[in-house]
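Participant: The lines below spell out each chain.
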Amino acid sequence: MLELKNVDFAVKEEGGKKTTKILSDISLTFPEKSITVITGQNGSGKSTLVKLITGLESPTAGQIIYNGRDITSLSVTERARMGFTTAFQQPVRFKGITVKKLLDIACGKQSSLGQLCEYLSQVGLCARNYIDRELDGSLSGGEAKRIELAMAIAKGGDVFLLDEPEAGIDLWSFSDLTNLFASLRDKTVLIVSHQSKIMEIADNIVLLDKESAPVIGTREEMLPALQNRNGVCAARKGV
Amino acid sequence: MEKIDLDLLMKIADLHGIPEGSYNIRKDGKCLSRNSTSDIEIVPKTDKDGIDIIVKPGVKGKSVHIPVILTAGAMLDKVYNDFYIGKGADVTIIAGCGIHNETCGEARHDGVHTFYLEEGCSVKYIERHYGEGNSEGKKEFTPITKVYVKKNAHFYLESTQLGGVTYTDRLTLATVYTNGKFTVREKLLTDNEEKAITRFKVKLVGRDSSAEVVSRSVARGNSYQSFISDMIGKNRSFGHVECDSILLDNARILSTPKIDAVSPEASLVHEAAVGKIAGEQLIKLMTLGLTEKEAEDAIIKGYLA
Ligand SMILES: Nc1ncnc2c1ncn2[C@@H]1O[C@H](COP(=O)(O)OP(=O)(O)O)[C@@H](O)[C@H]1O
Ligand SMILES: [Mg+2]
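These protein sequences, in sequence, are chains A and B.
Reading the first sequence from the start, the letters are residues 1 to 239 in my numbering.
Reading the second sequence from the start, the letters are residues 1001 to 1305 in my numbering.
Only chain A is shown next, with the shape it has when bound in the complex (with noise of 0.2 angstroms):
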C-alpha cells in the first residue's frame, strides 16, 4: 500500500521570495492490487503528485509511505530498485542511443529479440522496425510514447505510475493499450488520464483540484459525475 500523508509541495517564486503552493495538504491511499486514475484540469498538480512518488521532488511537508515504511527522503534510484516504475508524461529523447539499448537497461539485462518483440508489441510496435532506431527527435510523439511505456514494462515492478500514458497515441490502439494496463491490476497502479476510456478500467478515482482537497472514490461513484457536462463540479459535490 502507498499512501501520502498531508503532502505539501511548494515552490519557490524567481526571486526567491515568494513560495506558491502546487499541492497542499494531500493525503491520498493507493491500495496494491488496484488501479488509481488519478484526473483534474491542466496544473492540477497530477504530474507533481507523480514526480513526489518518484522521488524526482521532494515534498516540503508530509510524508511517502510505502508498505509502512517512510520512503519520503530515499533517492530516485532505491525508489526505482524497490520497485517503483515511472512513464513520464514527456517521453525523454536519447539521441544518438538505440531502443534496443535502452530497452537492455530498463530489464537490467541483454534482451533477445524475442523478448523485445514482447515488450514493443504490448505497446502495439514491431520490434523490428524500432530496435535499431535512436530514441532521439525522428521517432513521432506517439511511437516516442509508446517506447516510454515498454521500458516500464519491460523494467517491471510493483507500483506503476504512469502519467498520461495514452497522450498522443491514436485512438486505433486504444483498446490494446487498457488492455495493457488492465494486465497490471496485481500491481499498484496510478495512471493520470483525462480518457473515459481508462477511467473505465478504474478501482478508484481520484480527483485533484488547485483550489480544494482531493476527492477520492470508487469508479462507479465517481465516473458517472466525471462524465456528465459539469462533471468536475458535480463529482465534488456528489461524493
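Relax, there's no trap hidden among the hints.
Once the Cα atoms are required to be at most 25 angstroms apart in a straight line, the calculated BS3-like pairs of lysine-lysine come out as:
1. A:K109 - B:K1011
2. A:K109 - B:K1301
3. B:K1258 - A:K95
4. B:K1078 - B:K1146
5. B:K1276 - A:K95
6. A:K95 - B:K1301
7. B:K1234 - B:K1151
Since the hints were made in silico from the structure, they are not lab data.
Starting from the structure of chain A, add chain B with the ligands where the hints point.
Facilitator: Same frame as chain A, but now just chain B with the ligands:
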C-alpha cells in the same frame, strides 16, 4: 604471433588469428604475414613502404584485412597504401591500428591511404585506432585518407577510436563524382590529457553526388577534441554533416563547420551540438534503477555503441 599481437588484433579488427582471404598484417614497420587472392591482390610497393590493394572488377561480398600493430615501443611507422577498387565491386576493408607502448617514448603510426573507386563499386572501410601500455608513453596516429568516388560508387567509412590514443590528427579528403556517395560514421572517446583532431574536406563535384558525415564523440578528463569539416558543393548535390558531442569533467570540444555551396543547386547542412549529458536523460535512467554514475556510463556506452 605473440599474445600481445593477438590481443591487439582482436581489439582493432576482431581477429582471432590469421584471417581468411586476402590480408596483410604489418607489425613494427614490417610485414608479418600476407595473403593475396585472385579477387583481391596485395602487392608490396617497391619505391616506398606500403602496399597496393587491387580489387578486381565485379568482385562481390569479399573482405580484406590490413591491420597494423606497433609493439616495439618508441618508433615512427610511416606507410603508403593505395586501394584500386574495380568497377562494380562490393568489398569490405578492415583496417585499424593498435599501439602497445611500454616505454615513455613516442610510438606513432602515419598511414597515407588513397582510395580509387571505379564506377558503381561499393567500399566499406572499417578503421579502428587503439592505444595501450605505459600511461607516460605517447601513442599517436596521424593518418591521411584520400578518396576518389567515381560515378555511382559508394564509399562508407567507419572510424572508431575509443581510448588510449594520446594524440591523433586525422585528415580525410574526398572527391565525389556523378551520383557518387561518401558516408562517414565516426565514433570518438578521449580521456585524460588526450588530444584528437578530426578534419574532413569533401568536394561534391558531380551532379547528384552526396556526402553524409556523422560524428559522435565523448570527451572526458582534461581531453581536447577538435572537429573541422569543410564541404563544398560544386554541382547539384547534397551534403550533411552532423557532429554531436558529450562533454564531461574539464574536457573541451571545438567544432568548426564550413559549408560552401558554390552551385546554387547544392544543398548543404551542418549540425553541431556540444554539451553535458542532459539531466533529464540521467533522471530517466535513474527511474530505471541506475545510480547517477551508472546512468552516465550507460549513456556514454550507448552513445558510442
Ligand atoms: N518546479 C516547479 N516550479 C514552478 N512551478 C511548477 C513546478 N512544478 C510544477 N509547477 C507548476 O505547478 C502546477 C502543476 O503542474 P503539473 O503537476 O505539471 O500539473 P498537471 O500535470 O496536473 O497538468 C503548474 O501550474 C506548474 O506550472
Ligand atoms: Mg501533467
